[in-house]
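J.: Since the structure of chain R is provided, determine the placement of chains C, B and V on it from the hints.
Listed below, chain by chain, are the residues.
There are 4 protein chains.
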Amino acid sequence: MAVWGAPQPAHITFHALYSLQHRGQESAGIAVCGRDGKMERHAAMGLVPNVFDAETLDALDAVYDSAPGSAIGHNRYSTTGSSEQENTQPFVGYTAGGAVALAHNGNIVNAKRLRHELEGDGRVFTSTTDTEVVLQLLARANTEPDALAWTLSQLEGAFSLVFLFSDRVELARDPYGWRPLVLGRFPDGGWVGASETVALDAIGAEFVREVEPGEIVTIDDSGLASRRFDEPVTPAHCVFEHVYFASPASRVFGSTVQLVRERLGERIAEENPVDADLVTPMPDSGRSAATGYARVSGLPYREAIIPNRYVGRTFIKPTTGERAAAVRLKLNVVAEIVEGQRIVVVDDSIVRGTTTRLKMAQLRKAGAKEIHLRISCPPIHHPCYFGVDFPDRKELIATDRTTQEIAALLGVDSVAYLSIEGLHEVVGTPEVPGDHYCDACFSGRYPITIEGELRKDALTKHC
Amino acid sequence: MAVWGAPQPAHITFHALYSLQHRGQESAGIAVCGRDGKMERHAAMGLVPNVFDAETLDALDAVYDSAPGSAIGHNRYSTTGSSEQENTQPFVGYTAGGAVALAHNGNIVNAKRLRHELEGDGRVFTSTTDTEVVLQLLARANTEPDALAWTLSQLEGAFSLVFLFSDRVELARDPYGWRPLVLGRFPDGGWVGASETVALDAIGAEFVREVEPGEIVTIDDSGLASRRFDEPVTPAHCVFEHVYFASPASRVFGSTVQLVRERLGERIAEENPVDADLVTPMPDSGRSAATGYARVSGLPYREAIIPNRYVGRTFIKPTTGERAAAVRLKLNVVAEIVEGQRIVVVDDSIVRGTTTRLKMAQLRKAGAKEIHLRISCPPIHHPCYFGVDFPDRKELIATDRTTQEIAALLGVDSVAYLSIEGLHEVVGTPEVPGDHYCDACFSGRYPITIEGELRKDALTKHC
Amino acid sequence: MAVWGAPQPAHITFHALYSLQHRGQESAGIAVCGRDGKMERHAAMGLVPNVFDAETLDALDAVYDSAPGSAIGHNRYSTTGSSEQENTQPFVGYTAGGAVALAHNGNIVNAKRLRHELEGDGRVFTSTTDTEVVLQLLARANTEPDALAWTLSQLEGAFSLVFLFSDRVELARDPYGWRPLVLGRFPDGGWVGASETVALDAIGAEFVREVEPGEIVTIDDSGLASRRFDEPVTPAHCVFEHVYFASPASRVFGSTVQLVRERLGERIAEENPVDADLVTPMPDSGRSAATGYARVSGLPYREAIIPNRYVGRTFIKPTTGERAAAVRLKLNVVAEIVEGQRIVVVDDSIVRGTTTRLKMAQLRKAGAKEIHLRISCPPIHHPCYFGVDFPDRKELIATDRTTQEIAALLGVDSVAYLSIEGLHEVVGTPEVPGDHYCDACFSGRYPITIEGELRKDALTKHC
Amino acid sequence: MAVWGAPQPAHITFHALYSLQHRGQESAGIAVCGRDGKMERHAAMGLVPNVFDAETLDALDAVYDSAPGSAIGHNRYSTTGSSEQENTQPFVGYTAGGAVALAHNGNIVNAKRLRHELEGDGRVFTSTTDTEVVLQLLARANTEPDALAWTLSQLEGAFSLVFLFSDRVELARDPYGWRPLVLGRFPDGGWVGASETVALDAIGAEFVREVEPGEIVTIDDSGLASRRFDEPVTPAHCVFEHVYFASPASRVFGSTVQLVRERLGERIAEENPVDADLVTPMPDSGRSAATGYARVSGLPYREAIIPNRYVGRTFIKPTTGERAAAVRLKLNVVAEIVEGQRIVVVDDSIVRGTTTRLKMAQLRKAGAKEIHLRISCPPIHHPCYFGVDFPDRKELIATDRTTQEIAALLGVDSVAYLSIEGLHEVVGTPEVPGDHYCDACFSGRYPITIEGELRKDALTKHC
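Protein chains in written order, with the working numbering: chain R, 48 to 510; chain C, 48 to 510; chain B, 48 to 510; chain V, 48 to 510.
Isolated chain R (complex conformation) (with noise of 0.2 Å):
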């Protein structure tokens, strides 16, 4: 997320990450600098509004004077590096050409291999994140011609960068396009970057156009400039970020994340269809595809299973009894609507499956007489390595099971995903065909090769 020449920048960013926030929950920060070189940074662990007030965010848009000015922010989802005060974002470091903040989604897979390089030339890391790795590499780059281009050209895997100096903001994307990051505009003047369109609709920003993969947007007292860093390759966009991350309002990769979940929930309403007697999302997630399959199957769209809206939000361990008692707060079955019924239940995917078992078990005991979940995507398989953070295949539900089994654990009368096919033609368009997505969870086809196994912890404490 970042802002050039708006006035406030700062507040801007604290509200584009609001709206981000679904992004990450570990942590959130804002960086901002003065012409003078002055680089101010707050960030700490937990939710957007309990990291920044007013105050603060007052303190951090005083280094502009109320002139318009510049800032970075980010919403932090542990991938790589451990959760700790010390891996927030932005990442500040003070280099022979100044301060510099930046802040990363994604994953760099070579990531340990450039650290350890990095530090056997004599360098030092005071962090465990790969944004680190990039920083040290941009300020060794200090004699080449184009710092931040060589840079992004050693990288590998996925990052959508923005970048903070004293005098202009730069914006990158890994050649493969695996995550998102548009450019917008404020009617008065001002640039804005973001990962989502959600965050533009949020400040009252026009959307312009996606940074391009493998493209570096420099923003600064002359405009707009663009460049890239790497030769063209078959785009790579995640299609997790159709089926789960992004917000249903926002423009991902061309196509609008709620017209595509409504789409999904047709097309397994297509794929497998089941004489029932109505369809029920799982809340709040399944909502989109449900009416979805709703409207193919032409059942009645009901909500039976009613969501807490304070629980989940706010953390709480079971304290007594088991596990059950918290699904038991979270979410509440009508049971006048399920009792004697058959039904649909709609969810846009499962991972470990643990709590769908506990919520199919709360249908039945209010009286369903058949449940037949249908999930709006393919089984998950395979680690991801390009930003989404899947449990150990172990404990994912899909690993060496089929469908027959997980519904016999789950406890429904049958189980179906939807077609790796059907995905990709529901997410193809003529302008992003469906094989410009990657789909290695589902699939196991990794757009690159992956050394070794990468794990969370990959870069962290060693001495």
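Note that these hints are calculated values from the structure, not bench results.
Bear in mind the structure is a predicted one, so any value in this text is a computation, not a measurement.
Mixed in with the good hints, there may be bad ones.
Said to hold, decoys possible - Capping the alpha-carbon separation at 20 Å, the derived lysine to any residue pairs in SDA-like fashion look like this:
hint, chain 1, residue 1, chain 2, residue 2
1, R, Lys-416, R, Val-321
2, C, Lys-412, R, Lys-416
3, V, Lys-441, V, Ser-396
4, V, Lys-159, R, Gly-145
5, R, Lys-412, R, Gly-458
6, B, Lys-412, B, Arg-389
7, V, Lys-416, V, Glu-383
8, V, Lys-159, R, Gly-144
9, R, Lys-412, C, Phe-233
10, R, Lys-85, V, Thr-173
11, R, Lys-412, C, Asp-235
What the hints assert, rightly or not - Here are the simulated distance ranges between beta carbons:
hint, chain 1, residue 1, chain 2, residue 2, range
12, V, Thr-281, R, Gly-144, 41 to 51 Å
13, V, Gly-93, C, Ile-497, 52 to 62 Å
14, R, Gln-132, V, Asp-214, 21 to 31 Å
15, C, Asp-267, B, Glu-191, 56 to 66 Å
16, R, Gln-132, V, Gly-236, 27 to 37 Å
17, R, Asp-267, C, Gly-414, 28 to 38 Å
18, C, Arg-215, B, Glu-191, 32 to 42 Å
19, B, Ala-455, V, Thr-103, 40 to 50 Å
20, V, Asp-105, R, Glu-472, 33 to 43 Å
21, V, Arg-448, B, Glu-442, 54 to 64 Å
22, V, Gly-93, C, Asp-83, 41 to 51 Å
23, V, Gly-236, B, Ala-455, 50 to 60 Å
Stated by the list, open to error - To spell it out: a stretch of chain B is covered by chain C in this simulated footprint if at least three of its residues, at any positions, have a beta carbon under 8 Å from a beta carbon of chain C; those stretches are:
hint, stretch
24, 140 to 152
25, 167 to 173
Cβ atoms here follow ideal geometry from the backbone N, Cα and C, with glycine treated the same way.
T.: Using the frame of chain R, we list chains C, B and V on its own:
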């Protein structure tokens, strides 16, 4: 909320309060009382999970040394008495008969007069709640044969009360039955009283029956006993519980709220059909009614307005720009769904209309061709003296305005409310006919005479 | 602590409470009351600067709109009533006569009996303090010609009380004058009542006179008025105020505490001389007496025990190893001063002796040849029912032990206490002779009859 | 502060830091490192007991699984680098050689130049401390035969450093020995390095010797080893450690601080006698010298100024009226002692003189006939570049003023400072003669050449 005869009663009460959080977010509290008469209470401003942690709950339950015990709890939604620590509930007092704690849901309309009498009799109040009036009456009634029945017979207005003594729990409900109060039982023994059946579901208790209007239920070592403190009258259940207040997953006054809300949506579709392309709910409040509306109208049900799940639970003041910024954060519109479409937007109710107006403007800006707002209850015209905290008449959007004027104000093509007759027919059942409901906020027909204007601070600070 | 007729009375009270922090560290509170009868209070567990910040004080003072106003405040040192939020003071109640706040210093020995009478009369208590007993009596006295005088005449024991009403402040002191209470005046107008003269110094007020034992002082718009509520008796001022409790900078009962403490040190030197090389104080409590001891004995005064100024104000539990670790942190010995020397260590009093023993061991370890402990008061043998919270008899080091046994226990060569006669002679002045002091903790001679054993929790939770 | 080979090293370090709190109150931190190379650190703004609790310390010690382990700790007193979370110490970095943590006491005068060289070499800094300069040098020195010795030889200025590696602890001190650093041993095995001997006393360790100027001490499994990194020079121990900085209970540079301070008081009495009635210390700073002054002068030693023990540890801003209010809270004068008397007030030093002036006014107001201020060190005229954070020259009271002018400014009858010769004679011993001390703040004679003006923020934020 009351528990009797169950292990870890404070933990149980915590879970129940959590499931009832929608009934009050101002403060929360739990009281326990050992057989030796030792009363312990923990209460504070804030949401249930912020007020209690495992340590606090363990300390409360420690009173019972792992044996079954009793507890009462409360979520405060401020009607009488200002918002302060000393007004948190349960309210605890020490009398000649021992310690007593009580929790109150409702509003006692003759509290001010009763308080003046008690003060005139040389008594001291230490809070500004009507709850303390109940306690002081109870203490003064120590020479009455049935002190509690006598006390309750002095009260006018809406009250669902739970009392905790060292040797018993007592539950009572006003003769009109304004507020709900249900009785449940644990499979392994032990009783529970709660405002709604979702609380029973949350803690694994089974629904037994409602506490009747005008009834006192006593639970002690000899089991459950019942007596009346007043003559039966025609009930006046709060219809707004069905419209807005209660959880959709609860049974209230004999009907399941979610079904009632779906039927309210169907009814408004029957009463006010409109030629349109799709139906969309105002999230999350209009969803139940919108599915009903879609079913009757035959229009497709699509979710065009996307709520930010992280906003609204945490307090955020609009710091930059106007209030619209906060609304933009809270909701996003999926432009591809609304563009060029004639849209029916369904919501459960409309009070001031301030945020509705901003949301309608967002829809319009996203390209909606026509917007038809359908409200699944009648217009709110009158104050509630029985526990719902509406703003002043002059702030209500329906005050002195026709629906055309309201539509103009909100910037929509049409607004239609449900008729009062329609409301009665929907909520009415053979057991609880429509005229057993209080609809004074819509009709102005108050079941009892109200002396003067009662305001929120009627009992507040004077010296 | 009370202020009348001064601008920003809450800020003033805050400063006064800060200067009186030594009198109670458990909780602090301030109440203000507008002429319109609006009472506001802020109180919480903890030290004065932690309980209040500028914002809180401003909010309290806002009641007066920059005009001169009134306030009362309190530092709580727990004697009756357990340590809890609901026992913080000032205590606020609402009566037929309006709101009233009161703050109490002392201990009412017949509170339990009075409370039972009031409860038997159908009254409810909401705390476990003897302070609420005073308030309830006052409310019940509403038919008496002088309700306050009647109320005070019912109380037995030690009480210095300040009352805040919307139109006046009243100050009262028990007939024996156990606890101090002084009256001051601001140069620019306005009155102040406080426990000690240091509070007057802290806020720039001038000492006027003491509130007399058995006197009520009323301050209102017509100025200051005085009346008695009880017959004069021989005073029984608490001698422990001079020995330990009051600030050395205060005048208490007509004498300056620091001078009294120096004279107590001189007297113990006269009563118990010893051949030694130097005198050193136990910091910081023994310093005043040690300078007196040095003066009379002619021995050099040197500081051999160095306190850690950062320990002791913050709570630290001994986490590793034994309690000795905490003492080592708290005090360090200058070995070069004590090595091979015969040392007189002077302290003001000794209660349990636990930490003294550890300190003496440190001195011995550092090479002290002889240690002679001199205590500038007599041994404590009896409980105090009038506001000082000594531990149980069995925990007092002097219980059933000779001074030789105490010396052996403490590991010193000799221990000597001041004689009771010496104490009387030192504190006695022509105006306030020695026998106008209560020395019951030393002598067991209680000025009034005590019914049964009074314990800290005499009024606590029962039900 | 460093511990090697002792169980619960984090707990030990906590106790040591607590005893050294007087050396820095801005932030505190502890680092531990397991043999497997896992470095853990906890550091935060605030006082030691607020930064750490038992849980945090247990978590750090858990690295060692109850076996003996190592830890380093730091109390930060800001000289270089602004006051922020990212400047807390110990500073942790990851290099090719593994993780390393270091804690620094002192000030490196060529840090800016070194940093520019390192940045120019393509390196990134993530803080604004001179401590990071040491770490980056150490990493770059990875091809040197003795990387640490080489690194230290590059540094100019004052530094006492402790390093923690997974397999050893190293301690080093600059060739001039500006700051103290002592070595201790636990009776049961294990080593400790600390700034002052009070830390050894606090944790039950025995003093072994000082780390020599220019020495590196390495402690690992094979025991203790020593080497030099630089040629011996004439030491320049900071004389202000004796005057003000160190604990009176410590031995520093071979002398016990308390004895030195008593002798400084004796010496100023010899150099500047005055006809007076009594001597009183400025609490608590002047107490040691005042007893010495009293001894030599024969005047009675009395404590006329009473500190409020609860003020000063907690931050309180003057909210009403002027700064005088805060001083009145902090100190009270015993009028009966000073009234009509000729008083000698002794303090250890005087920097700005702002609060001294207010205190003198209080003494005068209380009736002092004559006030003679005696300062047991020479006037401060020059900045310190070696770790003491004096204000700018223009804020120093002694700048461009005679003692008569200072007396007039402070409102006293006379002011006298100790002579530089007197200071040298008092601190000098046969082992450490007076000219082995740095007295640059008094004399302007800097032991090394200082390039340009060094300011607190010399290294701070630029971009």
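J.: Would you mind marking each hint as holding or not holding in the structure?
T.: Hint check:
Using a Cα cut-off of 20 Å, the hinted pair Lys-416/R and Val-321/R holds, with the two alpha carbons roughly 14 Å apart. Of the supplied pair hints, the one linking Lys-412/C and Lys-416/R is violated, its CA atoms being roughly 45 Å apart against a limit of 20 Å. For the suggested pair Lys-441/V and Ser-396/V, the alpha carbons sit about 17 Å apart, so the restraint of at most 20 Å is met. A hinted pair counts as satisfied when its Cα atoms are at most 20 Å apart, and Lys-159/V with Gly-145/R qualifies at roughly 14 Å.
This hinted pair checks out: Lys-412/R and Gly-458/R have alpha carbons roughly 11 Å apart, not beyond 20 Å. A threshold of 20 Å between alpha carbons decides the hint, and for Lys-412/B with Arg-389/B the separation of about 14 Å falls inside it, so the pair holds. With a CA separation close to 12 Å, the supplied pair Lys-416/V and Glu-383/V stays within the 20 Å bound. Among the hinted pairs, Lys-159/V with Gly-144/R is consistent with the structure: their alpha-carbon atoms are about 15 Å apart, no more than 20 Å.
Taking the CA atoms of Lys-412/R and Phe-233/C, the gap is about 16 Å. The hint holds against a cut of 20 Å. Taking the CA atoms of Lys-85/R and Thr-173/V, the gap is near 14 Å; set against the 20 Å cutoff, the hint holds. A hinted pair counts as satisfied when its Cα atoms are at most 20 Å apart, and Lys-412/R with Asp-235/C qualifies at roughly 18 Å. Evaluation of the 41 to 51 Å hint for Thr-281/V and Gly-144/R yields a pass: the beta carbon distance comes to about 42 Å.
Here the CB-CB span from Gly-93/V to Ile-497/C is close to 56 Å, well matched to the stated 52 to 62 Å. At about 27 Å, the CB distance of Gln-132/R to Asp-214/V agrees with the hint of 21 to 31 Å. Separated by about 42 Å at the C-beta atoms, Asp-267/C and Glu-191/B break the suggested range of 56 to 66 Å. Between Gln-132/R and Gly-236/V the C-beta distance comes to about 35 Å, which sits within the given range of 27 to 37 Å.
Separated by about 34 Å at the C-beta atoms, Asp-267/R and Gly-414/C satisfy the suggested range of 28 to 38 Å. For Arg-215/C and Glu-191/B, the hinted distance range of 32 to 42 Å is satisfied, since their beta carbons lie about 38 Å from each other. Checking the proposed 40 to 50 Å range against Ala-455/B and Thr-103/V shows it holds: the Cβ atoms sit about 41 Å from each other. In this structure the supplied range 33 to 43 Å is violated for Asp-105/V paired with Glu-472/R, their Cβ-Cβ distance being about 56 Å.
Under the hint 54 to 64 Å, the C-beta atoms of Arg-448/V and Glu-442/B, about 57 Å apart, fit the expected range. At about 43 Å, the beta-carbon gap between Gly-93/V and Asp-83/C stays in the expected band of 41 to 51 Å. Between Gly-236/V and Ala-455/B, the C-beta spacing of about 34 Å breaks the proposed range 50 to 60 Å. Three residues within the 8 Å Cβ limit are the bar, and the stretch 140 to 152 of chain B against chain C gives 7, so the coverage statement holds.
With a threshold of 8 Å between beta carbons, the proposed coverage of the stretch 167 to 173 of chain B by chain C holds, since 6 of its residues qualify and at least three are required.
When the structure is compared with the earlier hints, violations turn up for hints 2, 15, 20, 23 and for no others.
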